[in-house]
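Each chain, written out:
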Amino acid sequence: MNHPVEILGFAREAAWLPWAVQYFFLIGISTAAFFLSLPGLVWRLPAWQGIGRRALLAALVCGLTAPVALLADLHQPGRFLNFYLHPNLGSWMAWGSFFIPLYLIGLLLYAWLCLRPQLAALAERGGQLSALYRRLAYGGHDSPGAIRAAAVVGALGALLILLYTGMEVMVVEARPLWHTPLLPLLFAVSAVSGGLGMVGLFEALIGQGAAAPLINRWQERSQWLTLGLLAAWLLLAVSGLAASPADALAAMRGSLGWLLSAAWLLGTTALTLWLARSRRDVLLWPALLALHGAWLVRWMVFMGGQNMPKMGASTHIYALSLSPDSVLGIVGMAGLCLTVYIILTSIIPWDDRAEA
Amino acid sequence: MSSHPDLSRRAFFTALPAVTAGLAVPAQAAEDSKPHWSMLVDTRRCIACQACTMACSMENASPEGEFRTVVATYAVSTQEGKTGLAVLPRLCNHCEQPPCIPVCPVGATFKREDGIVLVDGERCVGCAYCVQACPYDARFVNHHTGKADKCTFCSHRVEAGLLPACVETCVGGARIFGDVNDPQSDISQRLKAAEGKTRVLKPEAGTNPHVFYIGLDDQLSGRVDGVSAADMMWRPGHQGG
Ligand code: SF4
Ligand code: SF4
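For the record, the sequence lines run as chains A and B.
Per numbering that gives the first Met the number 0, residue 0 is the first one in the first sequence, and the count goes up by one each step.
Per numbering that gives the first Met the number 0, residue 0 is the first one in the second sequence, and the count goes up by one each step.
Among the hints, a few may not be true.
[Said to hold, decoys possible] Chain A is nowhere near these chain B residues, computed Cβ spacing over 10 angstroms in every case: (1) R44; (2) T72; (3) Q131; (4) T151; (5) G172; (6) A192; (7) E194; (8) D224; (9) S227.
[As the list claims (entries may be wrong)] The following label-pair restraints were derived from C-beta to C-beta distances: (10) A/G256 with B/G83: 30 to 38 angstroms; (11) A/P323 with B/V170: 36 to 44 angstroms; (12) A/L233 with B/E203: 34 to 42 angstroms; (13) A/L70 with B/S154: 29 to 37 angstroms; (14) B/E95 with A/H85: 18 to 26 angstroms; (15) A/W284 with B/E203: 44 to 52 angstroms.
[To be verified] Derived list of chain B stretches under chain A, where covered just means 3 residues or more per stretch with a C-beta under 8 angstroms from a C-beta of chain A: (16) 115-128; (17) 152-163.
Keep in mind the hints are simulated off the structure, nothing from the lab.
None of these values were measured; they are calculated from a predicted model.
Glycine included, each C-beta is placed from N, C-alpha and C at the ideal position.
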């Protein structure tokens with residue numbers, strides 16, 4: 000049978016803008032980096048101590064900036080208090096508004112407890128900021144018990160964030176690309192890759208690179224998992240075992256854009272895997288590629304998923320523009336991350352010397 | 000209960016003498032039950048003139064490029080090579096099980112007792128979660144207000160005893176609006192007459208829509224595996240002019 004030709008179609012534009020991609024990217028990386036900090040800072044495993052510090056920095060930089068992107072994606076950001084005044088607890092998004100502060104409170108408490116001895120040492124050195132350091136150190140004790148307790152709060156918050164960010168998108172039956180139980184897993188695994196990427200990047204910038212083999216070993220595992228999840232999705236879609244992936248694949252069929260994006264995703268994931276596996280001492284390239292992969296997964300899921308028509312044949316392809324919601328917003332968020340990074344690294348040294 | 004309008008445009012004209020004589024109430028909702036507003040779209044009568052699209056835009060002051068109702072238009076060819084026009088007037092289905100409601104984080108979107116699904120503009124934070132969850136692309140974030148927007152069955156008009164603007168203006172009498180709880184209403188009668196021949200969009204979504212269709216082409220009831228001519232067409236604002 001001949002396919003109909005849509006003479007007059009009405010495609011809706013994307014309602015979740017690149018802000019959503021940025022929020023999910025940053026909060027995912029923050030939670031993953033938080034978990035990566037635990038072996039070094041809570042269990043004090045020697046091999047992980049340097050990584051732990053860089054991971055804490057990554058968790059803070061991304062965790063403090065992510066909510067800005069989330070607020071920006073609300074079309075009525077001034078009304079965010081309604082999340083707390085009128086919560087609909089049947090909605091995953093409503094739960095998210097409670098999980099975010101829980102995680103951030105846990106993270107900030109944990110970071111402060113971990114940094115207290117160093118803040119006290121900085122105060123001892125004197126200088127203009129010594130009074131501030133002394134106040135922040137609040138005695139400067141190293142309190143492993145308190146750190147563990149704060150880590151539990153942070154870990155609970157981080158797990159709930161990973162859960163809600165995945166579920167919030169997965170439950171949307173109307174978007175076939177989103178409606179699969181593999182999605183929360185893909186978000187979580189790619190968050191870990193991105194987290195390892197950010198930690199690797201900070202390690203390359205601040206550390207001495209000694210942790211490269213350890214980071215790359217974990218990077219290799221998370222890239223294998225990413226490939227496995229992508230393969231599982233494709234299997235479900237091709238076999239028709241799951242309706243939504245099959246629908247999504249049918250919507251993509253014949254689209255050069257989707258073909259190229261999928262090929263690019265698979266190619267760069269394989270390249271990241273190969274680099275992490277065969278160049279254990281190299282930090283920067285696998286780190287940057289992993290960050291790119293975590294971003295790309297979210298871009299394809301959110302912007303690509305919204306391009307697929309629910310009704311009719313017309314798509315409203317999202318095109319980047321120089322508007323605050325688009326490229327300027329992305330550049331602005333990158334600038335905000337850089338600013339937080341500069342502030343944090345200016346007031347506290349995060350390198351290996353500071354550990355000693 | 001006060002009198003509610005329950006009439007298709009056709010019934011409205013049939014009752015024109017009564018209108019001129021007094022109130023536009025040719026058919027009353029049953030006294031003993033609350034109304035449940037619904038729409039029946041007879042696609043065989045639709046000529047794709049988009050008068051409803053325009054009337055809705057004027058009535059509800061929709062921003063440019065954002066529509067609460069549209070008439071998607073298709074060229075459909077048979078295997079024998081005959082090509083004809085197929086239409087699909089679309090609007091919010093005022094579903095009985097609306098997926099747009101449970102996702103709303105602040106409870107801003109709700110279903111009234113009379114079946115109409117509405118958005119509380121004071122509460123809406125513009126998160127667009129409901130836009131994602133609606134299987135029919137019936138919702139959008141209004142560029143002017145920053146809030147979720149959609150067809151309200153012109154609830155403000157219905158409350159004033161008027162028909163929705165799209166029904167009022169429909170040239171072919173393709174849109175029939177009324178109370179399905181009233182067995183005497185025109186919509187109930189027509190639904191009964193067309194029993195077994197009415198369809199809803201995406202029944203597999205389990206939303207139980209309250210917009211019914213007669214003459215709905217199965218190929219068009221969801222995502223259409225076809226070609227969009229939109230990109231081949233001249234569009235003011237995009238291509239200039
Ligand atoms: S058509 Fe969409 S917006 Fe309307 S009630 Fe159903 S799910 Fe909600
Ligand atoms: S856009 Fe408004 S109505 Fe829709 S889910 Fe968000 S708060 Fe609710």
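Evaluation of the provided hints:
1. R44: Given a closest Cβ separation of 18 angstroms, the condition holds.
2. T72: violated, 4 angstroms
3. Q131: Violated: least Cβ distance 5 angstroms, not greater than 10 angstroms.
4. T151: holds, 18 angstroms
5. G172: At about 21 angstroms from chain A, B/G172 clears the 10 angstroms cut-off, so the statement holds.
6. A192: Since the minimum Cβ distance to chain A is about 27 angstroms, B/A192 lies beyond 10 angstroms and the statement holds.
7. E194: holds, 26 angstroms
8. D224: violated, 6 angstroms
9. S227: Check fails; 4 angstroms does not lie beyond 10 angstroms.
10. A/G256 with B/G83: 30 to 38 angstroms: holds, 31 angstroms
11. A/P323 with B/V170: 36 to 44 angstroms: With a Cβ separation near 42 angstroms, A/P323 and B/V170 satisfy 36 to 44 angstroms, so the hint holds.
12. A/L233 with B/E203: 34 to 42 angstroms: For B/E203 against A/L233, whose Cβ atoms are near 23 angstroms apart, the range 34 to 42 angstroms is violated.
13. A/L70 with B/S154: 29 to 37 angstroms: For A/L70 and B/S154 the Cβ distance comes to about 31 angstroms; the hint holds.
14. B/E95 with A/H85: 18 to 26 angstroms: Holds, since B/E95 and A/H85 (Cβ atoms, about 24 angstroms apart) stay within the stated range.
15. A/W284 with B/E203: 44 to 52 angstroms: Between A/W284 and B/E203, where Cβ atoms are some 46 angstroms apart, the hint holds.
16. 115-128: holds (count 7)
17. 152-163: Contact hint for the segment 152-163 of chain B vs chain A: violated, 0 residues under 8 angstroms.
Hint check: violations occur at hints 2, 3, 8, 9, 12, 17; the rest are consistent with the structure.
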